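Single-letter residue listing:
There are 2 protein chains.
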Amino acid sequence: MQEIIKAIKAANKILIVTHTDPDGDAIGCMIAVYLALKDIGKDAYMYCKDSVPEIYKFLPKADKVSSELKENEHFDLVIAVDCGDEKRVGDHFVLRELAKTIVNIDHHPDNSNFGDINYIETISSVAEMIFKLLKKMKVKIEKDIATCLYVGIMTDTGNFRYDYTTAETLDIAASLTRAGAKISSIAMSVYETRTFSSIKILGAAMYRLERSESGNVAWTVLPKQLMDSLGAKSEDLTGLVDHIRSIKGVDVAILFREEEDGIKVNFRSKFKVNVSEIAKTLGGGGHIRASGAILQGDLESVKEKVLAEVFKVLK
Amino acid sequence: MQEIIKAIKAANKILIVTHTDPDGDAIGCMIAVYLALKDIGKDAYMYCKDSVPEIYKFLPKADKVSSELKENEHFDLVIAVDCGDEKRVGDHFVLRELAKTIVNIDHHPDNSNFGDINYIETISSVAEMIFKLLKKMKVKIEKDIATCLYVGIMTDTGNFRYDYTTAETLDIAASLTRAGAKISSIAMSVYETRTFSSIKILGAAMYRLERSESGNVAWTVLPKQLMDSLGAKSEDLTGLVDHIRSIKGVDVAILFREEEDGIKVNFRSKFKVNVSEIAKTLGGGGHIRASGAILQGDLESVKEKVLAEVFKVLK
Chain A
153 MQEIIKAIKA ANKILIVTHT DPDGDAIGCM IAVYLALKDI GKDAYMYCKD
203 SVPEIYKFLP KADKVSSELK ENEHFDLVIA VDCGDEKRVG DHFVLRELAK
253 TIVNIDHHPD NSNFGDINYI ETISSVAEMI FKLLKKMKVK IEKDIATCLY
303 VGIMTDTGNF RYDYTTAETL DIAASLTRAG AKISSIAMSV YETRTFSSIK
353 ILGAAMYRLE RSESGNVAWT VLPKQLMDSL GAKSEDLTGL VDHIRSIKGV
403 DVAILFREEE DGIKVNFRSK FKVNVSEIAK TLGGGGHIRA SGAILQGDLE
453 SVKEKVLAEV FKVLK
Chain B
153 MQEIIKAIKA ANKILIVTHT DPDGDAIGCM IAVYLALKDI GKDAYMYCKD
203 SVPEIYKFLP KADKVSSELK ENEHFDLVIA VDCGDEKRVG DHFVLRELAK
253 TIVNIDHHPD NSNFGDINYI ETISSVAEMI FKLLKKMKVK IEKDIATCLY
303 VGIMTDTGNF RYDYTTAETL DIAASLTRAG AKISSIAMSV YETRTFSSIK
353 ILGAAMYRLE RSESGNVAWT VLPKQLMDSL GAKSEDLTGL VDHIRSIKGV
403 DVAILFREEE DGIKVNFRSK FKVNVSEIAK TLGGGGHIRA SGAILQGDLE
453 SVKEKVLAEV FKVLK
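Chains as they are written, first to last, in this note's numbering: chain A, 153 to 467; chain B, 153 to 467.
Keep in mind the hints are simulated off the structure, nothing from the lab.
There are no misleading hints in this set.
Copies of the same chain are indistinguishable here, so a pair counts whether it falls within one copy or spans any two.
Below 27 Å or equal to it, Euclidean Cα-Cα: the simulated BS3-like pairs (lysine-lysine) are: (1) Lys422 - Lys209; (2) Lys422 - Lys295; (3) Lys422 - Lys467; (4) Lys334 - Lys284; (5) Lys400 - Lys216; (6) Lys432 - Lys455; (7) Lys424 - Lys295; (8) Lys201 - Lys400.
Note that the coordinates shown come from a computational prediction; the quantities given were computed from them, not determined experimentally.
Make the full structure from the sequences, and use the hints.
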């Protein structure tokens, strides 16, 4: 952390980046760092290849997140948040071309340490790490920063439900609440402003749900045609696979979705199975309870292949 | 609190009661008090008219909750938790016949103060109050007590999402976690034990979702035949109408379901509409944000009639 603080002090023009298909932790942390840097007089910018999802647009300064960079633009420092790998910022991204110093702040256990300074902790959310960093920097955590960090913690812990949620997570959430984050209105903004098409696709996905004979594996398959016919976008699928996991007796939940660049497969597990291992076997990665991979082929054959892998592990 | 502690000290045979149709806070608090009383050597009993719901049976000593009392049995003290009114314990219940001293610990703002000692606070959950009481009593909050109280807080705050969730709520949750409550496994036990048919019917309901032109009213219709074909029971529909309300722009959410005794109509509203008034017009009742009615007729004509009522109010 001290190294990061030194690097920030030495820099003026700073770019904060996060991963494509951004979630609440990615957007929340990016904006929190942005606000903190602005507070201490830095010339800060935010970049995310994909635009801010609708449900996070209520966050302060969400409109300052850019999905384009000027050609040949150069920064004193790049800070990447919530990126396990440089490629997560975008396929053809070379951070090195943007700045001499790269700071990598992340909580993925398989982080590739792509930064010059790497601050990696295996905890619930990057927001917890940013909270500690800002404390160390003696930046005042005012209401807007608190709101962004609360969103990061809330979404990455599945609203205080996942494994990595600790007493310290709750302590930090309490601090953020005292600093002005409004728990119920934030929860309402994130969880009760679903799009009509996200509910329709949830319906289709659950209606099409299948499960193994013993009921310990459940999955659903979403062909591109179906998603198009319901007007469903990628962000409309958030949380869908968690619904599958919430069924009694299900150990492994899987969502198959057909996208432009292949079949995206999302895994969730309950108690027993390490789905990060399964994802790795298939060329993907992630966490013990939540992982994913992208496979090539038609839906049916990918499904067969993936299920075979899962059943192998369950045996 | 001091009076309660005194009353407990003076008593030996103590009965703890809670309300019918018990929720997580009711069961969690009842067992937490039971464990604490046992710890300090009291002869403690638990009574609830209805049996412990399936999802709370993982709680320690849940099997000690009795739904019957011996005739003419007498106690030194009765402690009622989470009961706004004596009648909530059961229609024909007279606590006075069971003991000379009644302690009433509750968080409903309209509590009738039916106890000899009333400890009423308008906060998120009774579990928070019991936590403070046990601290004052200097009872060690060990793992089992912590688990019960965590369930109370978690369920009564809608998993840390409702209005009354405060920084202190999170502080107490953190303490309980440090005392041994396992956040993710508790959340999984309570929230991730849905039945396969409840997920299928959720899917069907959402896939069939309709909405008004401006999107402020959304509804779904569940014919009996559909529910039967998915093996869905009435309890599988819990929370379904809340999903409809969670859509952005929806002010009124409605679920129509065809049952033996008529068409059941459930209403939810977000900010603006008092759905209790709408339900009353249709012969039903409820709260401002959640209400219901049962109407006779076929699905289509009931739907037309109800929607006409709703649009009248929205105009």
